[in-house]
Amino acid sequence: MSVLIYAESPGGQLKKAAYEAVTFGHKVAKIIGTPHVVALTIGKVEGSEVLGKYGATKVLNVAHEGGFDSQVHTSIIAQVAAKAGSKVVIVNHSADGKSLLGRLSVKLKAGSVSGINALPTFEGGKLRATKGVFSSKAFATYEVKTPKAVFSLMGNTLPPEEVGSDIAPENIAVTIPKSRIVVIKEDRAKGTVPLPEAELVVSAGRGMKGPENWGIIEELAEELGATTACSRPVADVGWRPHHEHVGQTGVAIRPNLYIAAGISGAIQHLAGVNSSKVIVVINKDPEAPFFKAADYGVVADLFDVVPRLTAALKKYKAQ
Amino acid sequence: MKLLVCVSKTPETTTKVSFTDGNTQFNTSGVQYIMNPYDEWYALVRAVELKEKAAGSKVTLVNVGPASNDSILRKGLAIGADQALRVNAEPSSAYFVAAQIAQYAKGMDIVFTGKETIDYNGSEVAAILAELLDLPYISYATDLQVEGNVATVTREIEGGKEIVKVQMPFVVSASKGMAEQRIPNMRGIMQAKRKPLVVREPKKMSDPVSIVQYTLPAPKSAVKLVDPEDMDELVRLLHEEAKVI
Chain A
1 MSVLIYAESP GGQLKKAAYE AVTFGHKVAK IIGTPHVVAL TIGKVEGSEV LGKYGATKVL
61 NVAHEGGFDS QVHTSIIAQV AAKAGSKVVI VNHSADGKSL LGRLSVKLKA GSVSGINALP
121 TFEGGKLRAT KGVFSSKAFA TYEVKTPKAV FSLMGNTLPP EEVGSDIAPE NIAVTIPKSR
181 IVVIKEDRAK GTVPLPEAEL VVSAGRGMKG PENWGIIEEL AEELGATTAC SRPVADVGWR
241 PHHEHVGQTG VAIRPNLYIA AGISGAIQHL AGVNSSKVIV VINKDPEAPF FKAADYGVVA
301 DLFDVVPRLT AALKKYKAQ
Chain B
1 MKLLVCVSKT PETTTKVSFT DGNTQFNTSG VQYIMNPYDE WYALVRAVEL KEKAAGSKVT
61 LVNVGPASND SILRKGLAIG ADQALRVNAE PSSAYFVAAQ IAQYAKGMDI VFTGKETIDY
121 NGSEVAAILA ELLDLPYISY ATDLQVEGNV ATVTREIEGG KEIVKVQMPF VVSASKGMAE
181 QRIPNMRGIM QAKRKPLVVR EPKKMSDPVS IVQYTLPAPK SAVKLVDPED MDELVRLLHE
241 EAKVI
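These protein sequence lines map, in sequence, to chains A and B. In terms of the working numbering, the first sequence is residues 1 to 319. In terms of the working numbering, the second sequence is residues 1 to 245.
Here chain A stands alone, though its shape is the one from the complex (with noise of 0.2 Å):
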């Protein structure tokens, strides 16, 4: 019996979200009461041996060329899962990682749990998982009727711990099915942390009064070293890109810190951001509903306020 957790390696490269579901599967490990959690990560990759440092006790790789094709690396994941004994298998609440959910829940006959927030709970055999619902306003928890089960990990659900030592990775050779998909261009944001992953997270709405003015918001994030993200109306009318739009029906985010300056607070936006540990709103009217939801309030004009907040943060850093 084993735990597999997917491993992310998004350019050969593993991100913290990889190091996070390790560390997580490891304590679903001792949950369920098996010693063996078996990281892989498929593809050419760098530094893998530090999975072993998150938790892993075995860190396996498979060669493979070419892009994501969720058809095939269900294969490969299935196989592996097949070959260490899963009986949980866990990938990223990613684009990757979702389209990989389903899939591996069919081939390996698993119930699925798809984006939970928390660490199971094992009793009398069964599996129990909660996940955000209703895009965030409830919670539910699953109850995993199968014997195998798969999940996909909000990103910031755990952070990642170094309960061991780096273990050399270990080539294993499995069936790899032929593609039907060509990558042909992947174009990816550089050096900023993708929204679902970051702990810290500035966002601003239409009080920004155009995409001119963004300047301050980018400069307070850069401060803190948040990622930048809006409401629906500012990537609606183009003065931000799509991906960066936060709330029900753009992305959902749990960040630590969120701040949010110029969004009135529709229920639509809350949704998305309300599993956030603490909100910050900054906003002129003081009726703004979003007030009722934060943590801490400023009431006030946000051109004023946010270049002011990013100066005490420089005071702050520097002391």
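What the hints contain is simulated information worked out from the structure, not anything from laboratory work. No false leads were mixed into what you were given.
Part of the chain B face toward chain A, derived, beta carbon under 7 Å:
(1) 123
(2) 127
(3) 128
(4) 136
(5) 158
(6) 162
(7) 164
(8) 165
(9) 166
(10) 213
(11) 215
(12) 224
(13) 226
(14) 231
(15) 244
Beta carbons: idealized from backbone N, C-alpha and C, even for Gly.
Go by the hints and put chain B onto chain A.
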């Protein structure tokens, strides 16, 4: 082209969510239902656009749900689908829904879903369907162009996008950008009444997972207002009290 569009019924986006029966059932009282926006605005409209460009194409809608879902299907027909099929069962899990739909998806060139439903947010049906049908699957597509039997699809990935080419048949989930919402016109609504809507009984199967408990997020304590002149204080609170920086 034969195009299948899977549609769901979901609570309207401003719904206040609550539960009954010891937090084990979603409280449906007073809830307004809509067609899941990703299914309607992006998947269905793009399928209809493709049909309009390729003579002899047909768009079929499929839904797993009770008779009250027929209104959703009629709306889809009014938007431009040619026929609809409803599997008469409660959509008790993503696997159940996908397995029911899979029976009717064979022989289709493109199977569309929305990227997720706005109630259970699983993003699972399309992937399960693709595996059951042994088809390629492109998730979170923001653009889809067809030439001959090859499609060029742009999909969202973390912080960016990826462009892929895929041969038909395949499964695709639609995200924002794939198409523009269409409001059905009077002619469409009238025509929809005469378009075929077939009801089929479900294939029996058990759910691999089930919901045993719902919880609502803990209520937020009142917001702490910080003096706009004193951002040092906000930084101090975030560091010392909230411990997030």
